[in-house]
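Could you put together the complete structure from these sequences and hints?
What follows is the residue order along each chain.
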Amino acid sequence: MTEIADYKQAFIRNNWYAAAWRREIDTRPLARTILGERLALFPTKEGGIGALKDQCPHRLAPLSMGECIDGGLRCGYHGLLFNASGACINVPGQDFIPTTAKVKSYPVRERLGLVWVWMGDAEPDESRLPSIPQHGEPGWALLQDGYQHHAANYRIEIENLMDPAHTTYLHKQTIGNPAAKDVPVQVERNERSISAFRWMERTPPSPFDKQSRDFGDGLVDRMVSFSFELPGVSFVEVCSMPTGLDKTEDNKNLGLRTLSYKFLTPEDERHTHFFWLHLRNHRLDDTAYEQQLRAGLEKTYVEDNQVASAIQIEQERCGKRQFTGLKIDHAPTMALRLLDTMIADEQATAVA
Amino acid sequence: MTEIADYKQAFIRNNWYAAAWRREIDTRPLARTILGERLALFPTKEGGIGALKDQCPHRLAPLSMGECIDGGLRCGYHGLLFNASGACINVPGQDFIPTTAKVKSYPVRERLGLVWVWMGDAEPDESRLPSIPQHGEPGWALLQDGYQHHAANYRIEIENLMDPAHTTYLHKQTIGNPAAKDVPVQVERNERSISAFRWMERTPPSPFDKQSRDFGDGLVDRMVSFSFELPGVSFVEVCSMPTGLDKTEDNKNLGLRTLSYKFLTPEDERHTHFFWLHLRNHRLDDTAYEQQLRAGLEKTYVEDNQVASAIQIEQERCGKRQFTGLKIDHAPTMALRLLDTMIADEQATAVA
Amino acid sequence: MTEIADYKQAFIRNNWYAAAWRREIDTRPLARTILGERLALFPTKEGGIGALKDQCPHRLAPLSMGECIDGGLRCGYHGLLFNASGACINVPGQDFIPTTAKVKSYPVRERLGLVWVWMGDAEPDESRLPSIPQHGEPGWALLQDGYQHHAANYRIEIENLMDPAHTTYLHKQTIGNPAAKDVPVQVERNERSISAFRWMERTPPSPFDKQSRDFGDGLVDRMVSFSFELPGVSFVEVCSMPTGLDKTEDNKNLGLRTLSYKFLTPEDERHTHFFWLHLRNHRLDDTAYEQQLRAGLEKTYVEDNQVASAIQIEQERCGKRQFTGLKIDHAPTMALRLLDTMIADEQATAVA
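Read top to bottom, the protein sequences are chains A, B and C. For the first sequence, the UniProt record's numbering gives the first residue as 1, with consecutive numbering after it. For the second sequence, the UniProt record's numbering gives the first residue as 1, with consecutive numbering after it. For the third sequence, the UniProt record's numbering gives the first residue as 1, with consecutive numbering after it.
Keep in mind the hints are simulated off the structure, nothing from the lab. Warning: the hint list may mix true and false statements.
Since the list gives no way to pick out one identical chain from another, each pair is judged satisfied if it fits inside one copy or across any two copies.
Unchecked claim - Pairs of lysine to any residue residues, derived as SDA-like cross-links and limited to a Cα-Cα distance of at most 20 Å, are as follows:
#	residue 1	residue 2
1	K252	N90
2	K53	L254
3	K45	E24
4	K45	L81
5	K102	A295
6	K53	D121
7	K320	D26
8	K172	H135
9	K53	I313
10	K247	N281
11	K45	R13
12	K299	M65
13	K104	N190
14	K45	E314
15	K327	N90
16	K104	T333
17	K299	Q144
18	K172	T27
Here you go:
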């Protein structure tokens, strides 16, 4: 059906991509490849983060093999010192600094404990930085620092994340549900995102819910929602709340809520950085539960990577993405179509 | 001399290839690549074996990552269920099964403890399944389940197996014989096979023969025969029998006989599945001897793989197969010429 | 700046390349790739070394998988025996030796404990074999058998070896000197070599010098010289001698001298054999010091390989060698230009 060849390398460039957890960058520079470009991340004098092309313009040594000195990055080969804007500010052995002694720098922001890098040539758009109202708020417990390296193009990851139907089979050991009744049915397309959700009213609480709270013999209203802010932010919410209430934020907070975020950053056309964090409004101080929860999520994402990386290999082998379409493809297909539109728009703008 | 480029990928397709030992396929599907095609093998409801292309038509997940359910194969990603003829018989989440929801299936037979797969488009030819009259018969001991993965094109393996002259040098630690007197001299070409043999009459029994039977001070008539049913079945027989008798099957059974079979299945143009079994009519219940025999055969085939895989690399490096021809090339050359003829015939038929 | 594509594979062929330490070749043949050609080295009947193309002309088995027999090399597959001039002198199973049964042989010399191979088609030029007057002389201690496999084109290695400026940064744990005052300033170009040196008169001895000899509170005259005989011999000398003397060999021997040699042999366009030896005229019998010295040199060369192999990858990735030039590039640039001239001369001669 669909060919893979023509968009293998198609990335949206004017976007904030999660590059690292802030705590990954300490006193040593960090090498990370994003959209096929190699970056060196390092701490600046002001306590922020700098992001430079990971290649000294002199002999091409990776700057990430150098040292963080005085808020700059010093090449480990001949000692050229660069500041966070990519200017060379010292060349050992000579006073004159050539105008060619410079490297590309990338705009950097910190948010949600993550370092975000703007990869495009357009002006960085602050409004596009992801925000999570509950992040850091009282009443919410945070699992963070989640990271996996996935061996698949980010489109395969998007299909996976917009597709709850697979949990019954791929994740039957973890979050799978034989009934698969939680599949959202309403799908909405917005300017840069796709969302799908479903409310099941007056339904028995799940065994998992019962484990977290005593609902007695009562029923709950249960919601599952999936959304994807393209090209990289996946958000899944599950909420079980007392029946008969309006579906407001405040009322939802009376129930059990979990907010699961994944931030996808293409490393190159075959690999994806998979950052994740998880918020919940219950069992806040239950450490044993939290360890079990983290292990379960990690296992689930490992299962996703196993199938995604196998699909990556098959797509490259046969040059196709699929040979038959199903009803469950509805949301993933909408997401990829919107992505294609966004990429085409960006490229049209760049040419104009 | 001969170029390698033009037939690197030339396989005979209308043929039964050994795909697996039957006992390799239990409750889990088995992935195996044959002629560059990836197959998933699995047990069917009737106790047989199904062979499907190892790729779900939906998202291309390998079916071998799925489960054997109800005699079918269920994709591990979204649960599509396929039967042994490749038809999709269930799609979770919808009642309608798209006509495109199907995969290629391969004819399968079981024989000699092995699973055989027909890789061509022509009607499977039952008469081409290999048979061994002594297999399973009383008076014969069987070594089976032999398997090695060899890193060479199957043509290099054919040359090796039709060439007893190398045993003196390559296998000097195992079956090598400094005198190399056992080399067959008569070579015959048949429709799909090459055979070569030699009888040495009234010759002293080998030390190995003496170890297996007390010949007194007497002499034996000794035969070595090599044959190759193209493209994949190698058969080597060694027989030491009392002198002066007619060379009938019954009389040969009075002596020491070993029948050594190898079944070659190209995995791709650079790798070959090497299945083997071994029959003998002596020391039937000698377990210690049998262990030693198996270890010796395994070591011999490892030596073959070492040189074959080195040759594979050299052939690819220089684009040639050889620069000088020798007398010992007679049988291997006949075998490869016959193979070329068979491939050309098959391709001419396919076009016609 | 400079493109890498056009000279990636440009080697000087008419040259003696270090192929192995003599003691690497004992009773087994040694496989080594030089300028992309695979050689088998083996001991001859006369106690010398033979060098043949590592490929039997019959089935292409590597001769290095064979055996050293009677001063020749016997193929491990079918037993063809070759002498050191590449002629086949025995074919098992036949009396006639085909004229095509031969392999290319390479001229070989032994010097400085190393085996040298002439890779070109021109007559071997004995005068080009490297010589070291102090090698084997009384009063000098020798560290030899040094070898590392470096994952970079030899040009990157040449730049590294002609560039003392990097020691301050790359080797700050070992031989680095924060002041970098030892950088030579005078650079000379000769017919096939580049040399650079600097005398610092009446300077305090280094801590390292003081460790080796008690200079009291006195001063020394200190010299550092670098030279490179293209394409493969690097020589670095450091000398600290009493002040006020003429700079003759005899007077230099009154001081502390170290002579450091590296012999580069391109394995292929991405890898370099890095042989090294080291001579000193002090602490001749100090075993503990010698062990420490060897370990320090090995670590330094490992650091060189780390940056060189990273640069190799970057050069291939972007197709360039550098984007800005510095003063410290003077000597390396002269060396590579001379190398280009030599390669062009050799190729012009070959065509003519």
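task = Sort out which numbered hints this structure fails and list those numbers smallest first.
result = Per hint list: 1, 2, 5, 7, 8, 11, 13, 14, 16 violated.
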